[in-house]
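Got chain A; can you put chains B, C, D, E, F and G on it based on the hints?
Spelled out from the first residue to the last, the chains are:
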Amino acid sequence: MARQFDTRPTIFSSEGRLYQVEYAIETVSYANPCLGIKTEEGIVLVAEHNSSNHCDRMEKIYQLNENTLCGTAGIASDVQVLVGEARAIGQRFQFCYGAIMPTEQLTSHLCDIMQAHTQTGGKRPFGVYMLFAGWDKELGYQLLQSDPSGNYTLWRAVCIGKNFLAATHLLEQELANKTGSISLEDAKQLALRALSRTSLATELLPDMVEVATLQRLQDKTLFTRLEPSEVQALFNKQKAKPTA
Amino acid sequence: MARQFDTRPTIFSSEGRLYQVEYAIETVSYANPCLGIKTEEGIVLVAEHNSSNHCDRMEKIYQLNENTLCGTAGIASDVQVLVGEARAIGQRFQFCYGAIMPTEQLTSHLCDIMQAHTQTGGKRPFGVYMLFAGWDKELGYQLLQSDPSGNYTLWRAVCIGKNFLAATHLLEQELANKTGSISLEDAKQLALRALSRTSLATELLPDMVEVATLQRLQDKTLFTRLEPSEVQALFNKQKAKPTA
Amino acid sequence: MARQFDTRPTIFSSEGRLYQVEYAIETVSYANPCLGIKTEEGIVLVAEHNSSNHCDRMEKIYQLNENTLCGTAGIASDVQVLVGEARAIGQRFQFCYGAIMPTEQLTSHLCDIMQAHTQTGGKRPFGVYMLFAGWDKELGYQLLQSDPSGNYTLWRAVCIGKNFLAATHLLEQELANKTGSISLEDAKQLALRALSRTSLATELLPDMVEVATLQRLQDKTLFTRLEPSEVQALFNKQKAKPTA
Amino acid sequence: MARQFDTRPTIFSSEGRLYQVEYAIETVSYANPCLGIKTEEGIVLVAEHNSSNHCDRMEKIYQLNENTLCGTAGIASDVQVLVGEARAIGQRFQFCYGAIMPTEQLTSHLCDIMQAHTQTGGKRPFGVYMLFAGWDKELGYQLLQSDPSGNYTLWRAVCIGKNFLAATHLLEQELANKTGSISLEDAKQLALRALSRTSLATELLPDMVEVATLQRLQDKTLFTRLEPSEVQALFNKQKAKPTA
Amino acid sequence: MARQFDTRPTIFSSEGRLYQVEYAIETVSYANPCLGIKTEEGIVLVAEHNSSNHCDRMEKIYQLNENTLCGTAGIASDVQVLVGEARAIGQRFQFCYGAIMPTEQLTSHLCDIMQAHTQTGGKRPFGVYMLFAGWDKELGYQLLQSDPSGNYTLWRAVCIGKNFLAATHLLEQELANKTGSISLEDAKQLALRALSRTSLATELLPDMVEVATLQRLQDKTLFTRLEPSEVQALFNKQKAKPTA
Amino acid sequence: MARQFDTRPTIFSSEGRLYQVEYAIETVSYANPCLGIKTEEGIVLVAEHNSSNHCDRMEKIYQLNENTLCGTAGIASDVQVLVGEARAIGQRFQFCYGAIMPTEQLTSHLCDIMQAHTQTGGKRPFGVYMLFAGWDKELGYQLLQSDPSGNYTLWRAVCIGKNFLAATHLLEQELANKTGSISLEDAKQLALRALSRTSLATELLPDMVEVATLQRLQDKTLFTRLEPSEVQALFNKQKAKPTA
Amino acid sequence: MARQFDTRPTIFSSEGRLYQVEYAIETVSYANPCLGIKTEEGIVLVAEHNSSNHCDRMEKIYQLNENTLCGTAGIASDVQVLVGEARAIGQRFQFCYGAIMPTEQLTSHLCDIMQAHTQTGGKRPFGVYMLFAGWDKELGYQLLQSDPSGNYTLWRAVCIGKNFLAATHLLEQELANKTGSISLEDAKQLALRALSRTSLATELLPDMVEVATLQRLQDKTLFTRLEPSEVQALFNKQKAKPTA
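Protein chains in written order, with UniProt numbering: chain A, 1 to 244; chain B, 1 to 244; chain C, 1 to 244; chain D, 1 to 244; chain E, 1 to 244; chain F, 1 to 244; chain G, 1 to 244.
Hints in this document: simulated from the structure, not taken from any laboratory.
Any given hint could turn out to be false.
To be verified - With a cut-off of at most 30 Å between alpha-carbon atoms, the simulated BS3-like pairs for lysine-lysine come out as follows:
1) F:LYS123 <-> A:LYS123
2) F:LYS123 <-> C:LYS123
3) A:LYS220 <-> G:LYS137
4) C:LYS220 <-> B:LYS137
5) E:LYS123 <-> D:LYS123
6) E:LYS137 <-> F:LYS220
7) B:LYS137 <-> B:LYS220
8) G:LYS220 <-> F:LYS137
9) E:LYS123 <-> F:LYS137
10) E:LYS220 <-> D:LYS137
11) B:LYS178 <-> B:LYS123
12) A:LYS123 <-> E:LYS123
13) A:LYS123 <-> C:LYS123
14) F:LYS137 <-> B:LYS123
15) A:LYS137 <-> B:LYS123
16) B:LYS123 <-> D:LYS137
17) C:LYS123 <-> D:LYS123
One chain only, chain A, in its complex shape (with noise of 0.2 Å):
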């Protein structure tokens, strides 16, 4: 009886519930997940991808301005479509006020974008759970995640996609032990580790993770995309101490 509230973005459940916006985030559950851990050194995105081993490239990690990237989980033709649209938002502020865009100006703005379709109707919500990882002069490194309703938070580590609850809980505790702050070789190790215990894999191979790393290096903001040799290292390495 109570279905008749979930076949449109625009309606209240009885109990005061967006229905689509929910089945929305649960498509989110099936995709494969990203992981972001901010350190004082920069910030660490991992993805696992599928093990489809003649497809030349795959990307789930994009970058959106000079100072932004992101990490994505959910439709992939849905992803392209919202990082199509973060680049155009970010250039034209670029063209506006000769400056790069904020990171958390431009999550925002695009997160404008995700709740309109949460409102309106002839639309569905985007299938897609972002995080931004970016750096401005005044907050320094943030890290941000955005969900289909079009809400975004700010995070130290998160996880999106398939089990994220148990990533984000598994990297919180780790951090917590940890004292004072962990550098990014340790935030990458650790991302790794979280993801490996998610993913339903049997086994994590190093083709089907994709990491990458954004630092602030001599007043240009560096984006590192790791070779396959590079994250074949940090596998090697995470065998050789068990659960560190």
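Below, chains B, C, D, E, F and G alone, put in the same frame as chain A:
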């Protein structure tokens, strides 16, 4: 049978009710509460957050223009959209008339937008209750509350969100007991006490509480967001005197 | 079976009724009442509020232009929208013709907007009854009443909102008993008496009642909103003479 | 089963009927009647009102332009919209061509608007029957009747509203009995007699009846709305001669 | 079950039928018939009306431009709209090209409008059959018939409305019996005979019949609408020779 | 249960079918057939009509531009619209580029319009199959067939409408038997034979058949529509040699 | 019960799935397959057609711009629209930037259009899978595959249409067996072998197969569509060596 009236915002039920608006109001009955108390020295707003430790920053109280602050309860992404809209309305006013938009005028304008969402097809009402705290030359301090139907009312002390009826009742009783106006400092204590009663969390922790004040001092409207340490101090005071 | 006719404003039922309009009218049957009495000395409007003590200010009677006052009963946010619309209509008229818009013309214009909401898809009728009290050079004092269907009628004394039929009947009887016209002061007493009969509150308190008058004195149209003390005085007089 | 055809104005039923238009026509079967009789001396229109004594003024007969009068039966707010539209159409014509718009052309134009409401989605047909009484140089006096489908026909004597079939039949019979044309004064008597027969009120009172005539005298079209005393006189005459 | 296909004009049923168009055609099966016969001397159109004596004027045959006449059967208000549209089309043509729009081109243009109403959402097909009688320099006399689907065909003799199949069959037989072309006078007799057979009225009266002819004489296209006396004469002739 | 997929053109069924398009195709399975055969000497198109004797002229084969002819089967009013559209497309091309629009380009353009009607809400697919016979400098003679989905294919010989599969099969067999290309005269005979087999009429009569040819002679594209006598001659030849 | 989620493209089901997109994908599971293999010498595309002998020309592989070729599987008229759109996109790019649009950028742009059809009301997703084969200066040869959801991925060898999973698996295995890259000639053989396995036709005939290659030779991108004789030669080679 009567159910069929509740799937569109633009339908009256046979009893003359607008179910979609009522469901939107229902939404807010799960939201973390936000309180406001108006004194002769200024206005205090207090909001509760979830205890998600590793989330960097949370905001439920926003500045709208030089004279107006707002506290919110409800769907986070709807809040973002309304706050953005309110700021734009205020700026357009300032651009046209060279003056700061008065709080009630701003509230009224924003409420018309919310009302339109209850009367137009292909939209849903906003799932947001808001508190507007402002000052202007003619009316002095003002505390307004809006609901998803787009209605707003003026209050001395009011609560929105979870258990708002109980909290508002508590505030009324406490204020009725006091003879004369209370100081801003007492208002903070009172707000915190009311919040801890309505909170469903077993214990309300300092880092889950956001406290902001609006004061008019030396021809300037001052917004103060309390530092975590100041909030802690308020908590300590609270414990010192049992129920006050 | 007949139910399917009542989910859209733009459908006639098989008996030729517009259910959505009737439901909108139903809405107002729960609203606090508002009364108007026209005398040769002027017009008095009286409205009842809920007894929410700590709410600073409540308004159910609004000035629309220099010659027109309106009293309202129904959905508060719909009222706001219609009052805003009416003021804008009046100002546009004044800008075009350099004269104050006559009350009936203003009423007629606003009613056309209400009617459009009963004949256009994707809208709902306004859930508002209104009283328009005005004066103009040709017709003198006028008291008009509009309903959600967009119809308006001229009255000597009328009530809208809760128990409006009983109250209107009472007013008619009382006025029929009097020979000749009554004074504005008597009209206030009569309005208060009628209101206290229709009110469902066990006892009608002075701070729950809003009283306003429109008079033409020395080529000026005067609006007077009674101070709480003046309302109290009316209440005291009322008690002095039992049923008058 | 056949019911599903009657929820939209833009659907033919399987028998080729437009139910929404028929329901709109049904609406008018509850409306107070309005009669028109065309004589060689002019046209008389008579309408019945409800007996709400304290309502100041009631109008069911409107002047549309210098040569045209209309009587109405049906939803009062729909009437307002159509009358306003008709006046605007007439004024636009006068502005373009510097001549008074002929009655039939005005009727035809207004009927096209009504027809559009029976063929376009998201609208409902107008719930209004109208009588158009006019004079022009070529065709002399004309009496036209329009229905909610947007059709219009020319008549010598016709009734709209409650029991219109019986009344029209009565008029036809009476006119058939008379040899030659009848005088305007006789037409008034006849109209009143027909109205009192169709009226469901136990007794038709003078203040419930509106009488208006259209005459062409000395190159001017004259509209006369009878004063209450004149209506009373008609009633007195009526009683003098039993059934005439 | 198959019912669900017939509620929208823009849906094919599973058998590939457009039910809404068929229902519109059904509508016309109740309409009073209209006949056309093309001879070498001109074209005759004959239409039947209801026997509503006191209705002043009835028209089912309209002139569209200097060379074209049309007869109609179906919903009267739809007819008005189409006739108005056809006249406007003809005038625009004349304005652009300085020539009278040929009958078939006019028909084709009008039929495209009717077709659009069978293929666009939010519309209903026109419930009208039409006969177009015209003359042009190249093709001489032409008699065209259009249906609600927007299709048109060329005929020597054809009937639309009630029992149109029987009447068309009768016309075909009679014309087949005659050797060579018939005179316009014989065509009138034949049309009247066919009409009286299809008419459901117990007896067809002269004042229920409208007769019009289109002839090309001395480089002018002449339209003649028969006077009541001329129609009476036709009826008298008819009775003289039993079945002709 | 699966029914719900077939009421809108813009819905895929669970098996991935577009039912509305299939129903539109079904429509054409009742239409009178039309055949085309391409030879090295030109193209012949043959269409069957209903045997309505007194209908003056029937056309199912239309010229689109100087080089293109089309044969049609399906809803007659849809055909009119598409033919009109095709001619306009061709003229716009000629106006822009000063050259005759090639047949395939014209077909492709028209097919895009048909496709849009299968993918847009509030429309229905066109219920029309078309044959396009054309010549251009580069590709010589071409015979194309389009269906309601907006797809088109190139053929040597093809049939559309009633029993088109049987007829196309027959044409293929006959052409396969012949060695080398056949003459245009033989193609006419073959087309007629195929038509008489597919025709459901007990006997195919000469006045029910429309025959047209497209030939390129002396740098001109010639269209020939056979006179009734020529069609009769073809029929006579046919009878002379039994099955050829 | 869950069915109600699958009638609109803009609804998520309760499991977070977009049924309309899945049904569009289902559509393609009946389509004739198309294969692509990328080698270091170029890319080969192979497509299967139905064996309709007398159809003159069939095309499932199209050139989009100077550097890009595409192979398609799915609804033929949807393919036409997308190919037309892609060419227009490419030409606009060339007009703006004076350079050939890179393959991936073109693919991405086209995919955004497909995605929009999965998120907007009143549309249906495109029922088309596409292969994009291209070359550009920076990335060399590229083989991309898009699906109806608007997602695209990069591949070394991939199949779309009927049995595409089996075919893609076969291609992967064969390529995995080979050490190093394979020659273009071997790729053709491999593609043909994979096609004949997936084909449901009892025997794959040469005239049912379309083979095209894209090569970069002497600073030119060369497209070669194999002649029937060349395809025959490939078939002969195939038979010579049993399973290779």
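Against the structure, the hints:
This hinted pair checks out: LYS123 (chain F) and LYS123 (chain A) have alpha carbons roughly 19 Å apart, not beyond 30 Å. Taking the CA atoms of LYS123 (chain F) and LYS123 (chain C), the gap is about 24 Å. The hint holds against a cut of 30 Å. As the CA atoms of LYS220 (chain A) and LYS137 (chain G) are separated by approximately 28 Å, the hinted pair is consistent with the 30 Å bound. Pair hint LYS220 (chain C) plus LYS137 (chain B) holds up; C-alpha atoms about 29 Å apart against a cutoff of 30 Å.
For the proposed pair LYS123 (chain E) and LYS123 (chain D), the alpha carbon gap of about 11 Å is at most 30 Å, so the pair holds. For the given pair, LYS137 (chain E) sits about 29 Å from LYS220 (chain F) by alpha-carbon distance, which is consistent with the 30 Å threshold. At most 30 Å may separate the alpha-carbon atoms for a hinted pair to count; LYS137 (chain B) and LYS220 (chain B) meet this at roughly 11 Å. Distance check on the hinted pair: LYS220 (chain G) and LYS137 (chain F) sit about 29 Å apart at the alpha-carbon level, within 30 Å; holds.
With a C-alpha separation of about 45 Å, the suggested pair LYS123 (chain E) and LYS137 (chain F) falls outside the 30 Å cut-off, and the hint is violated. Between the alpha carbons of LYS220 (chain E) and LYS137 (chain D) the distance comes to roughly 29 Å, so the proposed pair stays at or under 30 Å and holds. Note on LYS178 (chain B) and LYS123 (chain B): the hinted pairing is violated, with a Cα-Cα distance of about 45 Å set against a maximum of 30 Å. Note on LYS123 (chain A) and LYS123 (chain E): the hinted pairing holds, with a Cα-Cα distance of about 24 Å set against a maximum of 30 Å.
Distance check on the hinted pair: LYS123 (chain A) and LYS123 (chain C) sit about 19 Å apart at the alpha-carbon level, within 30 Å; holds. With a CA separation close to 57 Å, the supplied pair LYS137 (chain F) and LYS123 (chain B) exceeds the 30 Å bound. Restraint check for LYS137 (chain A) and LYS123 (chain B): not satisfied, since their Cα atoms lie roughly 39 Å apart, outside the 30 Å limit. For a cut-off of 30 Å, the pair hint linking LYS123 (chain B) to LYS137 (chain D) is broken: about 54 Å separates their Cα positions.
Note on LYS123 (chain C) and LYS123 (chain D): the hinted pairing holds, with a Cα-Cα distance of about 11 Å set against a maximum of 30 Å.
Checked against the numbered hints above, the structure breaks hints 9, 11, 14, 15 and 16 and satisfies the rest.
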